[in-house]
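Required output: the full structure, derived from the provided sequences and hints.
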Amino acid sequence: MKRLFDRLLPKIWTRLFLMIVTAVLLTWAVIGIALYWLGNAQALVHTFSTEHTPRLMQTTDLAAQASDLAVLSNRILYSNADTPNTFENDLRVSVDQLNQMLRDSFSTPEMQAQSLDLQRKLAGVIRSLDRARRFETTLRGQVDRLRWINVDIQDETTPLVADFSFNIAALIRGLTQENDPAERRRRAEVLMAEQALYRTFVDIGTEASIASTLAVEGSASMQKEQLKQFAGLLSDALSRLNGQLQGLPLKAEYVTLRQSIEALNQITIGQGSIVSIRRNWLEERGILSQNLEASLSGLSALQSLVQDLSADRRAQILSTSEAFEISASRTVRLLVGMTIFAALAALTILFAYIRPAIIRPLDHLTAAMRAIAEGRQPRLVVLPARNDEISQLAGAVEAFRDSVQERDRAIEQLQQTQSELVQTGKMAALGNLSAGLSHELNQPLGAIRQRLHMTGRALERGDVATAQGQTEKIDDLVARMERIISHLRRFARASEYRRDTIRILQVTDAACELLRSRLDDHGITVEIDDTLRDMTATGDFILIEQVVVNLVSNAIDAIAATSGPGVIVFRAESAAPGNVAFSVLDTGVGLGDLEPERAFDPFVTTKPPGEGLGLGLSISYNIITGMGGGLRLAHRAQGGTRATVILPKGT
Numbered sequence: 000m001k002r003l004f005d006r007l008l009p010k011i012w013t014r015l016f017l018m019i020v021t022a023v024l025l026t027w028a029v030i031g032i033a034l035y036w037l038g039n040a041q042a043l044v045h046t047f048s049t050e051h052t053p054r055l056m057q058t059t060d061l062a063a064q065a066s067d068l069a070v071l072s073n074r075i076l077y078s079n080a081d082t083p084n085t086f087e088n089d090l091r092v093s094v095d096q097l098n099q100m101l102r103d104s105f106s107t108p109e110m111q112a113q114s115l116d117l118q119r120k121l122a123g124v125i126r127s128l129d130r131a132r133r134f135e136t137t138l139r140g141q142v143d144r145l146r147w148i149n150v151d152i153q154d155e156t157t158p159l160v161a162d163f164s165f166n167i168a169a170l171i172r173g174l175t176q177e178n179d180p181a182e183r184r185r186r187a188e189v190l191m192a193e194q195a196l197y198r199t200f201v202d203i204g205t206e207a208s209i210a211s212t213l214a215v216e217g218s219a220s221m222q223k224e225q226l227k228q229f230a231g232l233l234s235d236a237l238s239r240l241n242g243q244l245q246g247l248p249l250k251a252e253y254v255t256l257r258q259s260i261e262a263l264n265q266i267t268i269g270q271g272s273i274v275s276i277r278r279n280w281l282e283e284r285g286i287l288s289q290n291l292e293a294s295l296s297g298l299s300a301l302q303s304l305v306q307d308l309s310a311d312r313r314a315q316i317l318s319t320s321e322a323f324e325i326s327a328s329r330t331v332r333l334l335v336g337m338t339i340f341a342a343l344a345a346l347t348i349l350f351a352y353i354r355p356a357i358i359r360p361l362d363h364l365t366a367a368m369r370a371i372a373e374g375r376q377p378r379l380v381v382l383p384a385r386n387d388e389i390s391q392l393a394g395a396v397e398a399f400r401d402s403v404q405e406r407d408r409a410i411e412q413l414q415q416t417q418s419e420l421v422q423t424g425k426m427a428a429l430g431n432l433s434a435g436l437s438h439e440l441n442q443p444l445g446a447i448r449q450r451l452h453m454t455g456r457a458l459e460r461g462d463v464a465t466a467q468g469q470t471e472k473i474d475d476l477v478a479r480m481e482r483i484i485s486h487l488r489r490f491a492r493a494s495e496y497r498r499d500t501i502r503i504l505q506v507t508d509a510a511c512e513l514l515r516s517r518l519d520d521h522g523i524t525v526e527i528d529d530t531l532r533d534m535t536a537t538g539d540f541i542l543i544e545q546v547v548v549n550l551v552s553n554a555i556d557a558i559a560a561t562s563g564p565g566v567i568v569f570r571a572e573s574a575a576p577g578n579v580a581f582s583v584l585d586t587g588v589g590l591g592d593l594e595p596e597r598a599f600d601p602f603v604t605t606k607p608p609g610e611g612l613g614l615g616l617s618i619s620y621n622i623i624t625g626m627g628g629g630l631r632l633a634h635r636a637q638g639g640t641r642a643t644v645i646l647p648k649g650t
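One point on numbering: in numbering that gives the first Met the number 0, the residue at position 255 of the sequence shown is 254, and numbering is uninterrupted.
Rather than coming from a laboratory, the hints here were simulated on the basis of the structure. Computed from a predicted structure; not experimentally measured. Glycine included, each C-beta is placed from N, C-alpha and C at the ideal position. Warning: the hint list may mix true and false statements.
What the hints assert, rightly or not - What follows is a set of in silico ranges between Cβ atoms, one per label pair, in the way DEER data are often shown: (1) R369 / Q505: 42 to 50 Å; (2) E216 / A300: 38 to 46 Å; (3) S296 / T338: 15 to 23 Å; (4) D508 / G563: 20 to 28 Å; (5) A300 / R126: 16 to 24 Å; (6) E282 / Q194: 43 to 51 Å; (7) T338 / V403: 34 to 42 Å; (8) S234 / A300: 43 to 51 Å; (9) G173 / T137: 53 to 61 Å.
What follows is the structure, encoded as structure tokens:
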């Protein structure tokens, strides 16, 4: 039977399509039966939602609106005069919402009449709010003007008080020094006049400040009695101020002061003054309170009508709910039965076909692909011989595994070749250093021979101290040779691309030590920037040293071609976050016409034939990029070359 099934339907897609069509038909059958029974319940729900629920919602909305309106009314009527704007805006929104609800609902004549009456009352509330807002705006403008008038008065009186104070002090000094009785009487009369004017201007400034303060305080009064008290105190202060003004001489320098005091009288008491505007505002707030109370009463009456109208519908709601519950229970039982049947059919398809024929083979193939991605050799499970998509995928995975294995072998061979090339380049560098290293070793050997001869002569004379000193110097020379040989052994050792934290300064010092004899032979000075002292990078010390040796060796050759002394500079450079960079700069002949990018190509060199193969920069580039860094070359404007090494920052 299974073989016949595989032969008639060889493709997985065809089998799944037929199974999905079967499941869809079964689902449609369940949905059709459910829709038939739910149609009856829908009529009940429609009746409930369109007739009964809106009446209950109207009652609830009216109750909420009445509560909000009452709360906002109290906040507006009993809040501070400086902070009702937010409450009034909320009240406007609440009134607009209530008007919208009144226009959209209530179809009975009695409720419509009550609704229209309530809308008129709410319109009165809005008008009262608008008038009160206009009074508040005018009042704030008058208060601001009052403050500026007071500032003008104080600006007028303060310098005058200071002048009179100075004059009084001068007159007192002159009076004490005057010996002529007639002159002393004359000066005493002048002093008394100056003191009288001094007190007048002091009183004017004080009374103006008192009047301004009383007017500002009165502008915030919340009760008429309180405003009346402030008005009385303000009138007394203005009377005293005007009395002081009458005593001033009629001089031109006092004209602006008289005008400011007249403006103060006009803006504080009288028609259009701060007191009259505040009185009008309080009266309007009383009208607003009456309108709010009338609106709340009308809203309560309308709410009672809605509640009475909804009372007879509660019984209908209960009966409708019971009918809906019976219909829903019947529908649920039918749907549960059909759903169980559909679930059993789906589970049968899932476990009888999809899992053994699709899921399990895909799991094996997925595990094989994961093993290939992790670099392991997967074991492919032998699948039944079929001509479906799974079998084709298994063949593709097997072919992919073979290609990955072949690629891995090629990569291993390439890495081995690259390591051998790096080691060859290192040996070539040591070959170029052989002459200098021979000099570095021959010099201490000659010195040791001379020291041994001198030691023997000292022992023949019995001079033990001299012999011991020569022995210590011989030991220092041997230690120097050991350092050179140890450095050569370490430099020649094969590297494995280690990832250690290294100090760039140690690398540059080690490279310069290897090339010291060549540097001295050509009279080259090495300068190391202080910023390199704290620079650290992540990489292989030996490989980075090999790169620096190649760069410095190229710089030496370029400077030697100039037939004169030169300078090699190690300098820190800016780098992207997570990296460090340093440059090797020389004063040599430079790259000539060679593009910097081509210098990294194998067998490309600017040296004469026989003096270089053109592999040093290519090997150095591969070493640095293999450690996640970069190597760049550039022409220097003042002559020479700049080589920049970029490495990951050390931890």
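### Numbers of unmet hints, in rising order
3, 7
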